[in-house]
Amino acid sequence: MGIRSTHLPYDIQDCLYALVGQYVSATSPWTNWQAIRGWPESDILSAESKNYIYILDAQQAGTFGHQGGKSRNIWEVVIGFWVTRDKGGADEMAIWVGQMFDKFQNPQEIHTKQFTVTLGTTTYTNTTLTAMGIAIRDIRGPSSEMGENLKEFRREMILTLIA
Amino acid sequence: MAVTAQMGAPEAEKLVQGKFTLGRFYRCEAEAAAPVASTNITGLQAWEFGEPDVDFSAKIFQQGGGDEHTVIERGFRWSGTLSFLKGDSWDRLAEMRGVTLGKTNNAILPLYKENDYPQFIFEGIVRQSDNNTHLGSVVIPDMILGHISWDHPLDDSLFVLPWASKRFPFLMTDGAELVYDVFTGDGSTTSFTLSSTPLTLSTATNWRLMDYDTLYYVKEKASTASTGTLQRTGYSVDGVTLTKTSAPEAGTLVQVLYAKAT
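Top to bottom, those sequences are chains A and B. If you use the numbering used here, the first sequence closes out at 166, no skipped numbers anywhere. If you use the numbering used here, the second sequence closes out at 265, no skipped numbers anywhere.
Hints may contain errors.
Each computed BS3-like pair below joins lysine-lysine, with the alpha-carbon atoms no more than 25 Å apart [to be verified]:
#1 K116(A) to K17(B)
#2 K106(A) to K116(B)
#3 K22(B) to K116(A)
#4 K17(B) to K73(A)
#5 K22(B) to K106(A)
Restraint ranges, calculated between C-beta atoms of paired labels, are given here [stated by the list, open to error]:
#6 R143(A) to Y120(B): 44 to 54 Å
#7 Q70(A) to I63(B): 14 to 24 Å
#8 D216(B) to Q108(A): 56 to 66 Å
#9 D94(B) to Q108(A): 51 to 61 Å
#10 G65(A) to T208(B): 40 to 50 Å
#11 A228(B) to R143(A): 36 to 46 Å
#12 T230(B) to N129(A): 22 to 32 Å
Just so you know, these hints were derived from the structure itself, not from any lab. Everything numeric in this text was worked out from a predicted model, so none of it was measured. Even for Gly, the Cβ is constructed at its ideal location relative to N, Cα and C.
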């Protein structure tokens, strides 16, 4: 297990960022998009040529434990998509939502997809979510988020995972 | 270990969910094949069984022993249910009964229990949430379908299939899977080549319901018989060679259930 118990919310975010980064670097139609870590401000979108997938930090949603020991956490992670009308608008959004379900509702695909991530000073090369100690359980959404501009659209999906 | 010892958090993969489990079965009365192909069960929602009923149970005391006693039990019968999405009822029941439901020759499926013969062997393959890492399996051999009831509420509902088995269910280690080989005797052949090398299941002499270390069971079904008969002795296994001291009669099916490494 690679994620650190002292940095769980951010290590989970880093792993998912690296995983999505792997898709946007090589897998169509993900190559039309760009991944960023954290909440994007509008000046970032206007300065780049691609629409964004943003990965927020993990929020604890529950625990499960056993007698005589520590508990493990259930986490929720928001992954959003931010698109402008001139870069595909609602149609592009629908494609992204479909792709998210296709990937994250495919346990074998999402847990064996290899990526490289650095947590602290340790780099894990060609690792997987399973190897890092992350188990995806569910995905739901999308919810609609207010954009900062009428010509922008944001939708967010929520991943449920155990780590 | 100190009484103040604290364990770490449970591993994520220990939280098992049925949606990551693959259910499949083998027809007991399959035609000769080595191996018999399994059928993945689609639409499966849940499966369960309880402790067995016993036909005979007695407490054995001895004079001078006070209340200390031994309980002996004979004639086990496990029972439980398989639950499916309602819309899968027709296809699943047909699969398990080994027929193709259709207008040409099997337009109906009776919902009563036809007989008490084993119909299929169930293998529940429990995996981590990656659907890829095997945690272990639960095997229920020789399931006998029971009388089937039906409900049809206004909202979503399940098709609940009752079953029973006279053979003991068991847990199986990760990295192992069932193999069901069926051979046809010709009256002279005494050796049969198994499709895989059997794993050692246990030391049979330690378990009164087991007869062989490497075979869960071997049965013979004569060409005129309705079901196979357990062969508690007479067979041996060396590598992939199954040998019987005397050749099964011509037309007799030799049904062998064992496990192999995945």
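Please list, smallest to largest, the hint numbers that this structure does not respect. 2, 7, 8, 9, 11 and 12
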